[in-house]
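Participant: Each chain is listed here by its residues.
There are 2 protein chains.
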Amino acid sequence: MVQLSTLDAEECMARLASVPFGRVVFTHRALPAIRPVNHIVDRGQVIIRTNLGTAIGSAAGRGTVVAYEADAIDPVTRTGWSVVVTGVAQVITEPDEVARYQGLLDAWVDGERNSVIRIPAELVSGYELLVRAAA
Amino acid sequence: MVQLSTLDAEECMARLASVPFGRVVFTHRALPAIRPVNHIVDRGQVIIRTNLGTAIGSAAGRGTVVAYEADAIDPVTRTGWSVVVTGVAQVITEPDEVARYQGLLDAWVDGERNSVIRIPAELVSGYELLVRAAA
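For the record, the sequence lines run as chains Z and E.
Position 116 of the first sequence, counting from 1, maps to 116 under the numbering used here, and the rest follow consecutively.
For the numbering used here, count along the second sequence from 1 and bump the result up by 1000.
Chain Z on its own, in the form it takes in the complex (with noise of 0.2 Å):
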C-alpha cells in the first residue's frame, strides 16, 4: 500500500520549482474553475503567464485568492507528491518586472497571454506517497 506523508513548505516550495508546470484554480463566474499553465517559482512566489488576467487578478491592486497546484504522481507505482499554493493573485504591471518575468517564463502556446500574475505563498500544503514496506 502507498503512505501519505505531508512535506514542509520549504519541501513543498522545492517541488514546486522542480517542475515547469501545474495548475492555476481559480473562482469563475461562480463556478470553481481550473487551468494548466507554466510557472516559475521566484522569491517565495509563483510567477504564471497567462490571458486569464481579467478572471484571476485585478490591476487595480485588490486581487483574488487562488490556488496552484503542481504534482508528480506515477500512475503505475502510485507514488509521488503533491504540492498546493494558495494566495491573493495580482498582476504585474511595472514593467521591468513584466518584462524580466517574460523573458524567464516562455508563452506555451500561441497568441496574446500578455498577464504576467503573481501568486504569493500565502498558504503552502503539500504531500508525497510513498511506498510503505509490507509488514
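Hints may contain errors.
As the list claims (entries may be wrong) - Derived list of chain E stretches under chain Z, where covered just means 3 residues or more per stretch with a C-beta under 8 Å from a C-beta of chain Z: (1) 1026-1033; (2) 1042-1048; (3) 1066-1073.
For the record, the hints were derived by calculation from the structure and aren't laboratory data.
The structure displayed is predicted, hence computed values, not measured ones.
Ideal Cβ placement from N, Cα and C applies to all residues, glycine included.
Following the hints, position chain E against chain Z.
Facilitator: Positioned in the frame of chain Z, the structure of chain E alone reads:
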C-alpha cells in the same frame, strides 16, 4: 510553436476515461482548493473515491459544484491535452452502487476513504496542444 485546438465533449470524456487520475477542484472554507484523486468514467459521470465527502458532497442530496480536471502534457514538447468537467458533486449512498464502485475504484492511499462521489458531466470543455508546422 504550439497551437491550441478545442476538443468536443465526446472526445473530452474519452480522454478523461483514458487516464487513471485527475484533480478535483472545490471551494473549502471560502478558498479555492484542489486535490489529486483517481477516477473512473461511468455513464457520463466521473466517479471518485475520497475522504473529502464532507467538503465536496452532501449526503442530503444538495451537492456542491466542483470541477474535475485531468491532463497529459509533455513538458519537453509542450504538447498534450487538458479536460475539465464541471457538475454538482454528490455522495453516492445507495449501498449496491457504493459496493460496485468500491470494487471498480481502488483507494490509492491507506486509510478510510469511504465516500464514493459522482460528478455528472454537466459542463465539459477541453483542448489539445499540437505542434503547428512551421510556415
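Participant: Could you run down the list of hints and mark each one as holding or not?
Facilitator: Hints, verified against the model:
no.: 1; hint: 1026-1033; result: holds (count 5)
no.: 2; hint: 1042-1048; result: violated (count 0)
no.: 3; hint: 1066-1073; result: holds (count 5)
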